[in-house]
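Student: As given, the protein sequences belong to chains A and B, one line each in that order. Here the first sequence stands for residues 1 to 675, where the numbers follow the numbering used here. Here the second sequence stands for residues 1 to 177, where the numbers follow the numbering used here.
Selected chain A positions facing chain B (Cβ under 8 Å, derived; list incomplete):
1) I2
2) L5
3) G12
4) A16
5) L22
6) L31
7) A34
8) G35
9) A43
10) G67
11) L88
12) G130
13) V132
14) G133
15) I136
16) V604
These are computed hints drawn from the structure, not numbers from a lab. Backbone N, C-alpha and C define an ideal beta-carbon position, used for all residues, glycine too.
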Amino acid sequence: MINTLYGLDALGTPQAFLLALLIGVGFGFALERAGFSSSRRLAGVFYFTDMAVVKVMFSALITALLGLSYLVGFGWIQFDQIFLMPTLYGAQIVGGLLFGVGFVMGAWCPGTAAVGVAAGRIDALVFLLGVVGGSILFNESFALVLPLYTIGDFGTQMAYTTVGMSRNGFILMFTLVAVAAFWLSEWAEKVRTGRAPYRGSPFLKTYSFALVALAGGLFVLSPDTTEAAAKSAAAVTPVDEKALMASVEQGLDHIEPEDIADRLMAGESDLVLVDVRPAAEFNAFHIRGAVNVPLAQLAQTLQPHKNQGLIVLYSNGMTHPAQARDSLQRQGFGNVYLLTDGLVGFRDRCLKPVSLRPEPLATVDAARVNAWRAFFDASAVSAKSDVATAPVHAAMPRAVETHQLASMIGAPGLKIIDLRPQPEYNTAHIPGSISLNVESFRGNIGGTPSVLLPPPMLAAQFSLLGLQSSDSIVIVSGEKLYDTTLAGMAFERMGHMNYAVMNGGYAQWVQEGRPTDTTLPVVTNSKYPMQKNADNFTVDFQAVVAQLGKPGVVIIDVRPTDYYTGKKSDEARAGHIPGAISRPFTEDLVIGSNKAVSFKSTAVLTEAYSRIIPSKDSMVIVHCRTGHQASQTYFVLKRLLGYTNVRWYDAGWTEWAARPELPIVSETQDIKSKQ
Amino acid sequence: MPTETDNPHGGPKPYANPYLVGVLLGLVLLASFAILGAGLGASGGISRFAAALSMSVAPSHTLSSEYFGKWGENPLHYYLVFMFVGTFVGGLFSALLANRARIQVERGAASSVGRRLGYALAGGIIVGFASRLAQGCTSGQALTGGALLLSGSLVFLVCLFASGYAAAWFVKKQWHD
Numbered sequence: 001m002i003n004t005l006y007g008l009d010a011l012g013t014p015q016a017f018l019l020a021l022l023i024g025v026g027f028g029f030a031l032e033r034a035g036f037s038s039s040r041r042l043a044g045v046f047y048f049t050d051m052a053v054v055k056v057m058f059s060a061l062i063t064a065l066l067g068l069s070y071l072v073g074f075g076w077i078q079f080d081q082i083f084l085m086p087t088l089y090g091a092q093i094v095g096g097l098l099f100g101v102g103f104v105m106g107a108w109c110p111g112t113a114a115v116g117v118a119a120g121r122i123d124a125l126v127f128l129l130g131v132v133g134g135s136i137l138f139n140e141s142f143a144l145v146l147p148l149y150t151i152g153d154f155g156t157q158m159a160y161t162t163v164g165m166s167r168n169g170f171i172l173m174f175t176l177v178a179v180a181a182f183w184l185s186e187w188a189e190k191v192r193t194g195r196a197p198y199r200g201s202p203f204l205k206t207y208s209f210a211l212v213a214l215a216g217g218l219f220v221l222s223p224d225t226t227e228a229a230a231k232s233a234a235a236v237t238p239v240d241e242k243a244l245m246a247s248v249e250q251g252l253d254h255i256e257p258e259d260i261a262d263r264l265m266a267g268e269s270d271l272v273l274v275d276v277r278p279a280a281e282f283n284a285f286h287i288r289g290a291v292n293v294p295l296a297q298l299a300q301t302l303q304p305h306k307n308q309g310l311i312v313l314y315s316n317g318m319t320h321p322a323q324a325r326d327s328l329q330r331q332g333f334g335n336v337y338l339l340t341d342g343l344v345g346f347r348d349r350c351l352k353p354v355s356l357r358p359e360p361l362a363t364v365d366a367a368r369v370n371a372w373r374a375f376f377d378a379s380a381v382s383a384k385s386d387v388a389t390a391p392v393h394a395a396m397p398r399a400v401e402t403h404q405l406a407s408m409i410g411a412p413g414l415k416i417i418d419l420r421p422q423p424e425y426n427t428a429h430i431p432g433s434i435s436l437n438v439e440s441f442r443g444n445i446g447g448t449p450s451v452l453l454p455p456p457m458l459a460a461q462f463s464l465l466g467l468q469s470s471d472s473i474v475i476v477s478g479e480k481l482y483d484t485t486l487a488g489m490a491f492e493r494m495g496h497m498n499y500a501v502m503n504g505g506y507a508q509w510v511q512e513g514r515p516t517d518t519t520l521p522v523v524t525n526s527k528y529p530m531q532k533n534a535d536n537f538t539v540d541f542q543a544v545v546a547q548l549g550k551p552g553v554v555i556i557d558v559r560p561t562d563y564y565t566g567k568k569s570d571e572a573r574a575g576h577i578p579g580a581i582s583r584p585f586t587e588d589l590v591i592g593s594n595k596a597v598s599f600k601s602t603a604v605l606t607e608a609y610s611r612i613i614p615s616k617d618s619m620v621i622v623h624c625r626t627g628h629q630a631s632q633t634y635f636v637l638k639r640l641l642g643y644t645n646v647r648w649y650d651a652g653w654t655e656w657a658a659r660p661e662l663p664i665v666s667e668t669q670d671i672k673s674k675q
Numbered sequence: 001m002p003t004e005t006d007n008p009h010g011g012p013k014p015y016a017n018p019y020l021v022g023v024l025l026g027l028v029l030l031a032s033f034a035i036l037g038a039g040l041g042a043s044g045g046i047s048r049f050a051a052a053l054s055m056s057v058a059p060s061h062t063l064s065s066e067y068f069g070k071w072g073e074n075p076l077h078y079y080l081v082f083m084f085v086g087t088f089v090g091g092l093f094s095a096l097l098a099n100r101a102r103i104q105v106e107r108g109a110a111s112s113v114g115r116r117l118g119y120a121l122a123g124g125i126i127v128g129f130a131s132r133l134a135q136g137c138t139s140g141q142a143l144t145g146g147a148l149l150l151s152g153s154l155v156f157l158v159c160l161f162a163s164g165y166a167a168a169w170f171v172k173k174q175w176h177d
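So that you can see chain B by itself, here it is in the shape it has in the complex (with noise of 0.2 Å):
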């Protein structure tokens, strides 16, 4: 990646052995089962998030919602709102360590902003209503469930990567250089 290295400061570092990392993710997420008795999740924070925004905005209408209105009038008191802080916390540790913090949007050289933004976004807005119907994302069901071996974790995990190669070549003008 030419951007990286290009770098005058030294440049950012390089990524570490992906299958020693692949190790440490496990003993946290062996950690996490052991400690708390639940493993990993993302999803379910950033969605307790979402109904603190929609409490903020429409509260009686948000408690009276089927969804989020089981979360109460303080959606933010949940374990995962805490564990996705801690994972931008860690993220942020990791990437001044290896002078990899950059502001920057990443996309193919030949790809204009606006399509790589508008990409993402979307990409956001069904990963987000997927996980919640899915009862959780690659952390918490793919990862965490499928570590547990739990049909419908596993499951997920299939579909989720068979989709995703079947959707790919539609969207891999972002990658163009």
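With the rest of the complex left out, here is chain A (with noise of 0.2 Å):
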């Protein structure tokens, strides 16, 4: 199985720079033996007298197409191991068209106008000029098209799904297309250049039966590609299988579909369903209430669920779940079920409607069916009207844009949290955001101010606000982003993963012009279960003196540099922990022109991070005065940038100060020694 530098989420790393500048060099040598380092070919394809543009484009096309789909369909690589760029419509759409004209008048692309200016091209360097110049020109008009963001945003979305076709189908077809516009091409030049070397020839023969012959093979190796790449991973990973596979034969580890669709509507709050599908296919059809997770993160992933209550598998067919549950079993995971015939069962005996049944249902059954309709139709039906709704399932931490939480208002199960201030929230807040003060959240635990309140208060406090285990929560702040991701430290203590905070602020979403509302929302208390082991990463003074000293412990003192080195001080001492480094939490936000405070980069967060801690799965204790601050680079570390490791010392500094016998550094002290 590969493993991608993207998949690793090593794009940023100087390896990933070498590979990609090799990369490059065969990009710009295939260019240019293709001839696309003259203008004057380039724009042949739009009089119809050098055709080469069609053909290179698409025989390159289909080639990664088909190689890929073969590099899946053999096992070797997964799709969640490759970046989907998101389709907007609303901006694709302009931007192709804009693109078009650029194009047809400059004669040059981006990629082919590095091979000009490579080969002497005057023109191409005149055109990478004014390149810089239209993305510089984007920059500063980006608030007058960013609307344009919001029409047709779709997520990852696959072609053949908005078609309504299978895949391998889709491909085929795909083919023949581009087969055909290489006929039509040769032919298209003959009729105005009167030259067509390959028209009709062996060559163009032999090349157009071979790519269908190849297309058409995807349908023997994979009749449905997911199955085929869950045995093939199978394969891969031998599994000590047969106690396992003889339990899974007879059924002791299933649960029926009505049994799950009926624990699923009654809310069971210690019931985690997961769909181990590609992100893809989850996007486009789920059973509401489920989470999308990566078999690569199942286990860590559903730590927190390990041996209590219920975890349920499902993928399309039964294959996939089978392996990832043996798989957790093997990690002393006893919990983990298995949907009896997956999705497709779901489908065909919960929620198929009643009068396509074969055979008739007693009332009571019926009553049973509809029910469940109602209760999942909403985000199982069919891709379209699933689409809107997709984000709010994706299961893991995370931040979301502006543009992301406007296209899931309205979802079933998504509540959004405001932590402005009360005056600021009740002049406007996003329509049906819940006000809440984050310190609500923090209290004083046995003498110490300001820690995150233990699992019994905390769900007392979301069941005051309504909220339940199975919501999409996204938490909104002022300017601090902080204070969101110190509510999140909440939602993670209570096992709550489904949650993400929003980037930018609410500064950000006023920015953009997007509906605001004064209107109180209507909340009814709910009964917020109570999650005791769901924490495993708060830490208290004990743990942290065991790691001092520790090779590869990194300990990160994200306050203010004056804080860190003593210079000021509003603790019972100044400096910070010995070994404890400073990255000041302000180096990971990007402050934008009205106050909206943003993450940076991922990119650039992953490298200034790599520089500081050795490797993903270091040990990382943050921390500063209060908890406050640390939440946030607690948040970049695990959530954004994957450190699988990271402890959050929430009694930070106030603590450590106040305990005496505890050692600390402090520059200004140093100084004074050494006088």
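Mind docking these for me? Both chains are given alone in their own frames, and the hints should help you get the complex.
Tutor: See below:
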């Protein structure tokens, strides 16, 4: 199985830069071989005099498409290892129309112009200067074009889903279209120039046949791409299987669709329904209440639910989840079950309308089916109606952009929490959002002020806010983005992983002219369940002391530098924990024109932290004065960058400074002692 | 093309079979998928240079701007910047090998240098803007996204050719011989 640099979140590393450079060399070489260092040749496609652009581009596209499909079919790579750009129809249609005009005028595109400059074309150099100028123009006028991104934002959207075809069927059709384009191109060149050496040649016949045959071969290789990938994944990681497979076959670890439907409708709190299919498929269709977890992250994500309640896995069929269940079981999970017949069974047995069933149903059963359909239809009917709500159900804590939240509004189970001061909230807020002072999640525990409340008290707070454990939470702040991450810590402590913080905060929302409201939402108290053991990330001072001086352990002090050095202090003692390094939390932020605060790009953050933390699984302890600012660094490391072993010293410097037996380093003291 | 066959020093070599070059390009793209986990891109790299330029002229304005600001103080620390440099190097290598490197403004014999360069500059500005808007260019959206069968990328590809053919008649003078 191939792990790509994107999959490893390592695109920002020096190795990735070197590999990108080498791939670029191949790219430039191929473009120049094709003759794309000539603007005249490129422009020829628009006048039917030289159709090389069509021949090269579609050959490349089909080659990569078929190659990738075969790699997936053989189980050597999975789609979640590849960056799939979002579909944003508004921006992409307007962008495409503009691009075409610029392309035919300049007779270059960005990649070919690089090659053109290499071949001495001055017009290519001028074109590239224009592209630089156009990019700057875009940046300066970003606020004006922003609304385009809200039109037709479909997230990751595959063309075969859009047109309702199977993947293999679509690929075959696409290949046939490309082959037809080749033959038409040869014909056009013959008509326009009288020269078309490949027209009807044995080469073109063989080539056309080979492409179509390879496209057709996909039907044999992987009748269903996902299941095939799962099977070959199974072959790559052999499992000590016999006993496990026996229990699978006896159905001891299965849950019937009807059972799961009833449990989900009852809002059973200790049930986690996990969709293990690729994100694209999940986005197109999933069972309401399910979370999408990539196979690679399954064990880590489900850790809080290990041997607590019920974990149910599903895919389209049974192979994939069975494999995952075995793997989890080997890691000590004793509470993992499979949904019988997967999604197919669920659709067939729970969602199929009564009128379409082969045998008549008793009134009671018919009522049950109708209730299921009413409950699950909101998110499990078709790709079309589901896309808008799909991002809501993506499971992992993450940052969302304003336009993503805008497209989620109105989705079932979405709760927006606004952390700004109450007068600001009362003046205007995002429609439907609930006001909360984040300090209500903290209190004086055991003499230490401002630490996160224990689970029972958080459960009570959540209940007053009317939250359910199945809700998708989006947290919005004012200028203090770290308010959202502190609230996030409360959700993490409760094992409520389906939360997101909004990048840019309320200021960004308003700047983009998005809707606001002044009415208060209707909130009904809920009974948010207690969750005891989800918090495996908060550490106390004893745990920090135990790690002092250990090799490979990184302690990050995120307070402003003056507090780290000891120049300033609001506490019993000034300075920092021995061995701690300083990385103020503000370093991770970008402040926009009207105080909209966002995280820096993942690439920038990845690069910055790769310099201070040896590896993704290094033990990292973050702290500040009261845990507030450190919650942001925790979120950045754990949730944005994928560091797996991050700890939060909540009590922080307040506690450390107040315990005279604990060692500290103060640079001002050092100076004194040297004198 | 007379300019090329007239070269007394053996002349530039003829172009390779476009279909086979296309397959080669497809294999490079496939390698990019398998190694980087991301496809090819060009405009992404150029826009980083644009951001770096903007940073050097007006750092605080750039950092606080909505779009470039997110790339931080070092916009050039990005894999597509390196890919773009590689593209130039690969192109240079191939052009030298085929004796195709020659300083010139490529245009129709009857067209002025000024018109051709004017069109190139205007086209560049439009392409620069459009590829930021669409989050990619012919490489990053049309080719890469097309090979991944992403709906938005294929729509971009169709729109690109549609408007290109629609506008072609208006700018054809630059190629008149």
